[in-house]
Amino acid sequence: MSALAYDGLAMTGRQLRRVRNNPGLAILTQIMPINMLLFFGYVFGSALAMPGREYRAFLVPGLLAATAAGGVMTGMFQAAQDTHRGVADRFRAMPVSRAAVPLGQAAADLVVTALGTVPLLLVGLAVGWRIEGGAVRALGAVALLLLFRFACTWAGILLGLLSRSEEAAGQLGASTFVLPLLSNAYIPTGNLAGWLRALAEWNPISAVTSALRGLFGGSPVPHGAAWPVAHPVAGTLAWSVLLIALCAPLAVRRYARGER
Amino acid sequence: MTSTYAVLSEGLEKRFGRVHAVRGLDLAVAEGTVCGVLGPNGAGKTTAVRLLTTLLRPDAGSARVAGFDLVREPAAVRRAIGVTGQDTSVDVDLTGRQNLRLFARLHRVPDPAARADELLERFGLTEAAGRCASAYSGGMRRRLDLAASLLRRPAVLFLDEPTTGLDPASRNRIREAVRELKERGTTVVLTTQYLEEADQLADDIAVVDRGRVAHTGSPARLKALIGTHAEAVLADAAELPRAAAVLDRLTGARPVLDHERATVGAVCADPTLTLPRLVRELDAAGVLLLDARLRPPTLDDVFLRLTGDAPVKEIAA
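Chains A and B, in that order, give the protein sequences. The first sequence begins at 0 in numbering that gives the first Met the number 0 and counts up one residue at a time. The second sequence begins at 0 in numbering that gives the first Met the number 0 and counts up one residue at a time.
Calculated directly from the structure, the hints in this document are not laboratory data. A portion of the hints provided could be inaccurate.
[What the hints assert, rightly or not] Part of the chain B face toward chain A, derived, beta carbon under 7 Å: (1) 52; (2) 77; (3) 78; (4) 84; (5) 87; (6) 89; (7) 90; (8) 93; (9) 97; (10) 101; (11) 289; (12) 293; (13) 297.
[Unchecked claim] So, partial list: chain B residues that the calculated Cβ filter (under 7 Å) puts toward chain A: (14) 54; (15) 57; (16) 58; (17) 67; (18) 70; (19) 82; (20) 88; (21) 92; (22) 104.
[To be verified] Distance ranges between label pairs, derived from CB positions: (23) A:27 / B:134: 19 to 29 Å; (24) B:276 / A:164: 54 to 64 Å; (25) B:129 / A:24: 18 to 28 Å.
All C-beta atoms in this analysis are idealised placements derived from N, C-alpha and C, irrespective of residue type, glycine included.
So here's chain A without its partners, still in its complex pose:
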């Protein structure tokens, strides 16, 4: 096994153990979307033109995409901890592959996300969401979702490594919850003013939401949507690859350089 694979695997194990020792944040980030599904679905949904059950089914893919985008926050948080705490010095003064720590973090996050999404799917099924597109398309949806999460985590890792302190990363990370508000995750974008609609549809979360809605079955693409929403699978792939290609090498370089 190559040194990077071996060290990366050890670091993945490290992150998974950290989450197991302190599961608070991981549990909280998975409970949030369930609360939002119930709150939006039953409270806000009652004021919308869309029937309640239909709105809840509409919400589930949006919440999945929004939760995946939460990888930015989790990534920032963990990377800031990792670079500002003394343990980073030990890793850097050891003969460990430079990319192993961020890679392990991103890989472990994928495992946690895959497990953590299951409760949201179950609650979604209980309140009216259905998988109508068949097993293959559903698996494709899950794969896309995880790919997007992986990309968001790398973006978060880069931002976390660039942050000046754990606190700064925590504050900036927490503010990322507004990102899904300006997308089609919670509302249809068709009625938004022209420029606002363009902004919302070029939000990567919109492409992912549309891809999930399409693959799980159901809603057609709205008329006149921007390219990433009109071609949501390609759009999601493009956004994800772009984020990874941009953020992962920069994050690895930043971590390797060290000097705080």
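Knowing the structure of chain A, use the given hints to seat chain B on it.
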């Protein structure tokens, strides 16, 4: 070329913006010895350790650690060294056991689990092995830190103020571990603010002041150079000059007067000066003496003697 020096640095420099933390550090540590790097806060000790352990890149100068060039062969240096930093350098979100197993795995130790348990036992952490390091006391964390540095035997071990802020029992445990390591042939570079610690542990002491090595030598040589500190406390500060004249004559050094505490002190290089003689001479001079003592030199005395100045408390770097 095989060097007999485990650490050999020449003219190492490091600046942080306008702070010139290390300015021309020349350090030579012979293989198998313990070198005490002694200096006050802000003298550049930590920066020196971070440079020598590849955590910082020097702006100028060169160094070889365990025979490898610091700048050109950092990976080889990392394979040869162990480091315990001043901050906790273990993962506080992992248990003691998880920490040691992880580091053992990363070091490619043959049986990580067994090696981890062995070191937990050796550092008295077996009972606490299953708890998160964040719940450890300062002394326990430092012991875990040291254990993590010893999972595979390093050729050179760097310890940055390993006993600062610890209770006496933990302090002794760490000091014992350093002595054991030395017996097994590991070269140890440890920084400290305590002269007494350097005296007990080190074969050689490098006094660092303002980013430079101001003096090197054995503890005995250093102490002989500094001598003991003679001090007299008077009833009346007005009599200080008279007492100072006595101290001047006995020690041959310039006495330092403290009017507020009516105290006069001087460093004495003469080993034959005894307390009874000091008291007799002061009494004979007719000063009202409340207290007198001869005490071993402190870090302040070392700096007073070597640099002609009290240690400067600069920004810690």
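inquiry  = Hint by hint, where does the structure go against what was stated? Just the numbers, ascending.
reply    = The structure breaks hints 11, 12, 13, 15, 16, 17, 18; every other hint is satisfied.
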